[in-house]
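Participant: One letter stands for each residue in the lines below.
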Amino acid sequence: MHAVVSVLVEILLVIGLSRLVGLGFRWINQPLVIGEIVAGIMLGPSLFGWVAPDLWVVLFPAETVPFLNVLSQIGLIFFMFLIGLELDPKYLKGNLNTAILTSNVSILVPFTLASILSLILYPLISNASVSFTAFALFLGSAMSITAFPVLARIITENNLQSTRLGTLALTCAAVDDVTAWCLLAVAIAVTRTNSMMGALPTILESIVYITLMLTLGRWGGRKLAQFYRRKGRLTQLLLAIIYMTVVASALITEFIGIHLIFGAFLVGAALPKEPGLVRELAQKTEDFVLIFLLPIFFAYSGLRTEIGLLNRPELWLLSLAVLAVAIAGKYVGTYFAARTSGIEKREAAALGWLMNTRGLTELIVLNIGLSLGVISPVLFTMLVIMALVTTFMTSPLLEWTYPKKLIRLNVVEPEEAAQLEPTYRILVPVANPRTQKKLLQVAAELAGLEKQPAAIYPLSLVELEEDYLFESTPVEAERSIRQRRTRIEELIQTLEPPEIRSSMYPVVRVTNDVARETAAIAQMERADLILLGWHRSVMSSNRLGGRVGQILTTIPVDVAVFVDRPQNRLESLLVPYSGSLHDDLALELALRLLMNGETRRLSVLRVTQKPQEGEFSFEFRKLMEQLDPNLRDRIDIQLVVAADPLQAAIDASKTADLTLAGTSSAWGIERQTLGRYTDELAMRCHSSLLITRRYSRMTSHLSSVLTTSAQPSTPNP
Amino acid sequence: MSHFSLKSLTFYGVAIGSVTLLFNAITAYGNTNLKAQPAIDGNYSLEGKILPGCLKSQAVKLIVLQSGVYLNGAIVPTEQATKTPSPRREKPTLMGRFHNGELSLSGTLPNLPACASVPERELKIEGRVVKDILQGQIQLNSPATPFQSQRQKPSIEQSH
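Same order as they appear, the protein sequences are chains A and B. Using my numbering, you'd call the opening residue of the first sequence number 28 and step up by one each time. Using my numbering, you'd call the opening residue of the second sequence number 6 and step up by one each time.
No lab work stands behind these hints: they were computed from the structure. Note that CB positions come from ideal geometry on N, CA and C, so glycine has one too. Among the clues, some could well be false.
Just the calculated beta-carbon pair ranges, DEER-fashion [as the list claims (entries may be wrong)]:
| hint | chain 1 | residue 1 | chain 2 | residue 2 | range |
| --- | --- | --- | --- | --- | --- |
| 1 | B | Q155 | A | L39 | 38 to 46 Å |
| 2 | A | L347 | B | K158 | 31 to 39 Å |
| 3 | A | L82 | B | R133 | 36 to 44 Å |
| 4 | B | G22 | A | V32 | 52 to 60 Å |
| 5 | A | A267 | B | G106 | 56 to 64 Å |
| 6 | B | E107 | A | V32 | 31 to 39 Å |
| 7 | B | K12 | A | A355 | 25 to 33 Å |
| 8 | A | V36 | B | E127 | 36 to 44 Å |
| 9 | A | P228 | B | G106 | 34 to 42 Å |
| 10 | A | W246 | B | Q155 | 52 to 60 Å |
| 11 | B | E52 | A | L82 | 39 to 47 Å |
| 12 | A | N338 | B | A149 | 22 to 30 Å |
| 13 | A | D81 | B | A33 | 45 to 53 Å |
| 14 | A | V32 | B | Q155 | 43 to 51 Å |
Listed next, the in silico DSBU-like pairs over lysine-lysine satisfying Cα-Cα at most 35 Å (straight line) [claimed, not checked]:
| hint | chain 1 | residue 1 | chain 2 | residue 2 |
| --- | --- | --- | --- | --- |
| 15 | B | K136 | B | K158 |
| 16 | B | K12 | A | K117 |
| 17 | A | K300 | B | K12 |
| 18 | A | K311 | A | K372 |
| 19 | A | K250 | A | K311 |
| 20 | A | K465 | A | K300 |
| 21 | A | K372 | B | K12 |
| 22 | B | K40 | B | K12 |
| 23 | A | K258 | A | K117 |
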């Protein structure tokens with residue numbers, strides 16, 4: 028009983044810390060799984076055991092280690108099954124020549140370099156119970172691995188999956204992965220029998236088994252798929268059969284002499300990729316495996332990682348050598364192979380860095396090696412460090428060689444070319460395409476699409492909440508993107524009048540940080556304005572909270588938040604004016620609306636508490652002079668002295684269709700210390716409300732409409 | 006499909022062939038000329054009576070952790086030494102090398118309460134390991150004392 032209690036306590040620690048550290052790594056834009064691996068290492072002798080050894084021994088006693096081992100093996104089996112499941116032959120389409128060449132070279136080069144490195148490492152850190160052949164083979168396969176799952180996620184998060192670079196990288200990684208696993212199988216067979224010749228029967232048996240799986244197994248898989256289609260869903264019976272097959276296959280490969288994981292991987296790979304079946308299967312299996320079992324594997328691995336063993340400068344030098352060989356092998360090999368295939372320098376470099384990712388798959392390989400005794404704890408630790416460093420470098424280096432701006436130019440999907448260069452651009456984040464038609468209509472009115480070439484970019488961001496799940500794989504991400512795009516297109520088709528529809532250019536992307544991505548897209552598209560809907564949330568009633576608040580606070584573009592009321596008229600506009608620069612923006616937008624709607628009327632309410640301040644600024648008066656006289660006729664300016672400007676504004680809004688106000692304290696909308704905005708006016712305003720926040724004084728929202736209103740009486744600006 | 010063209014096939018054939026040849030050459034060289042050190046890691050019991058200084062009259066074990074040529078070690082009371090190498094509760098405080106049968110370790114003794122009061126606790130062990138028997142000299146602020154001990158192999162780790 029005592030052991031079970033200890034194990035459960037350990038599991039609590041492991042899962043808790045994994046999530047925490049994982050989130051930390053997410054925050055610095057690294058894959059979640061690296062955080063989990065680091066959490067596992069932190070729980071071992073490298074950190075926890077070193078800093079508080081007595082507490083550590085109490086929490087991680089030796090007798091619990093075998094239990095952790097069993098749990099982690101089960102986790103690994105099902106994880107490898109999921110990996111096999113994800114390996115869609117779709118990835119192997121296109122670029123096949125280049126992919127095969129690149130992936131072959133990206134295995135041959137590191138393998139060769141690793142074999143040469145073994146000549147140095149073997150006499151220093153191995154012991155005589157391991158033959159040189161086994162050692163060299165093992166080191167070779169460890170260096171040749173590319174982590175396909177981590178790579179696939181990095182590609183999805185960078186929205187590369189439909190680009191040429193992305194598809195090429197995925198194909199190469201898939202081919203690489205399979206080849207490296209085969210190499211590993213051979214290495215394991217050779218280690219167990221300690222000679223190449225002795226491994227031959229094992230290798231032959233494996234080939235037989237693989238062929239069996241890919242023929243009979245597929246046949247069985249097709250029957251399962253038929254059963255699934257007939258039932259319409261994944262029944263528990265079907266799931267039970269599949270799980271039992273996974274475990275049985277794992278056992279078979281274990282008996283053959285290669286490792287458990289191969290059998291599980293084969294089942295995943297052999298299953299026919301019936302989309303519904305694969306998705307349901309993945310969703311049902313992954314939560315428990317990724318959240319519960321896999322972190323236990325990382326903790327088990329972490330317990331065997333002892334950074335403290337690298338206590339000599341020579342050992343650190345050797346680690347550097349290992350790292351250098353690993354990086355050189357993969358990057359150089361891939362780069363030159365890609366260049367030879369005619370890929371341009373930048374893409375080849377990016378491909379090289381992508382293939383350098385070793386992450387999780389490497390850890391699996393290393394743990395097998397350590398258990399078999401092929402590598403010693405010191406070499407294990409060195410290689411773990413290598414795996415972490417190479418994976419850690421991937422995202423920043425990818426950004427450096429292949430910045431996001433260039434990705435747009437290489438997108439495989441066709442881009443609609445605007446007839447004329449738009450003079451005004453509005454970015455409209457559409458969180459829920461079904462309910463934000465009004466937002467797009469308001470955007471259309473602001474842009475004045477009937478009068479000048481403007482562009483509206485409805486933006487829909489597919490948010491990847493959890494890294495590493497099936498939904499983050501490129502195939503699934505593409506599916507989500509297509510779905511969103513269809514919904515937005517449908518929404519656009521419902522807009523009136525029909526002429527405005529052609530000025531809408533939807534943008535759909537995958538991201539894990541909505542505010543950051545929105546800012547990036549706003550800058551890429553050179554948006555003049557971002558128009559958002561208000562924040563609806565179960566947790567707070569603040570209309571300017573959540574994402575809206577984040578965007579208001581951080582984005583370096585002018586922002587307007589639309590708080591709608593159930594009415595559709597946009598005829599009478601009200602601008603309560605307190606003189607702040609945000610109010611200036613409100614005024615400019617109101618003027619745009621005025622110009623774009625012949626019958627609209629604007630009422631400007633200058634509210635002050637003291638009569639002397641009731642002047643309009645110089646810029647305001649100059650602006651008024653520039654306007655067309657018939658426009659000026661539709662503007663009614665009032666000066667009101669009131670003790671409570673907010674109340675005056677609210678009263679005035681009773682007779683307006685749309686109120687436009689800046690984020691100033693006068694209207695009870697101001698930014699507080701933590702970036703939250705208060706939303707007094709938003710709550711009490713009688714009409715629909717457009718809250719404006721100006722970022723830069725430079726952006727003029729009127730230049731595009733002023734220059735097109737050709738009036739001889741207008742003085743030259 | 007062009008990746009099955011003669012040119013590509015010859016390229017792959019040559020590439021894979023040469024790597025295989027190179028690998029065979031390397032392993033042939035490695036197997037004959039390179040020797041790794043035999044495994045000597047494990048626990049070595051030290052009889053208290055013959056030990057110098059504060060180690061006298063204590064039943065202690067010398068734990069040796071080996072990674073090829075590099076050694077780490079610790080001296081712990083016998084009851085504390087576990088059979089499985091990890092998780093270790095004793096921090097390795099000794100460092101040394103092992104080459105061609107010659108072993109040398111040196112370091113401190115924080116794990117033993119009896120030695121806590123001794124100001125200098127610089128321990129040196131030098132010896133030879135032949136067929137699982139360690140024969141050598143142990144020195145602790147005093148002239149070196151010879152000793153001999155039988156290696157207790159670490160219990161076989163769970164394979165996987």
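Participant: Are the hints correct? Go through all of them and say.
Facilitator: Here is what the structure says about each hint:
no.	hint	in the structure
1	B:Q155 - A:L39: 38 to 46 Å	holds, 42 Å
2	A:L347 - B:K158: 31 to 39 Å	holds, 33 Å
3	A:L82 - B:R133: 36 to 44 Å	holds, 39 Å
4	B:G22 - A:V32: 52 to 60 Å	holds, 58 Å
5	A:A267 - B:G106: 56 to 64 Å	holds, 57 Å
6	B:E107 - A:V32: 31 to 39 Å	violated, 47 Å
7	B:K12 - A:A355: 25 to 33 Å	holds, 28 Å
8	A:V36 - B:E127: 36 to 44 Å	holds, 40 Å
9	A:P228 - B:G106: 34 to 42 Å	holds, 36 Å
10	A:W246 - B:Q155: 52 to 60 Å	holds, 59 Å
11	B:E52 - A:L82: 39 to 47 Å	violated, 33 Å
12	A:N338 - B:A149: 22 to 30 Å	holds, 25 Å
13	A:D81 - B:A33: 45 to 53 Å	holds, 50 Å
14	A:V32 - B:Q155: 43 to 51 Å	violated, 37 Å
15	B:K136 - B:K158	holds, 12 Å
16	B:K12 - A:K117	holds, 26 Å
17	A:K300 - B:K12	holds, 34 Å
18	A:K311 - A:K372	violated, 42 Å
19	A:K250 - A:K311	holds, 20 Å
20	A:K465 - A:K300	violated, 41 Å
21	A:K372 - B:K12	holds, 24 Å
22	B:K40 - B:K12	violated, 42 Å
23	A:K258 - A:K117	holds, 26 Å
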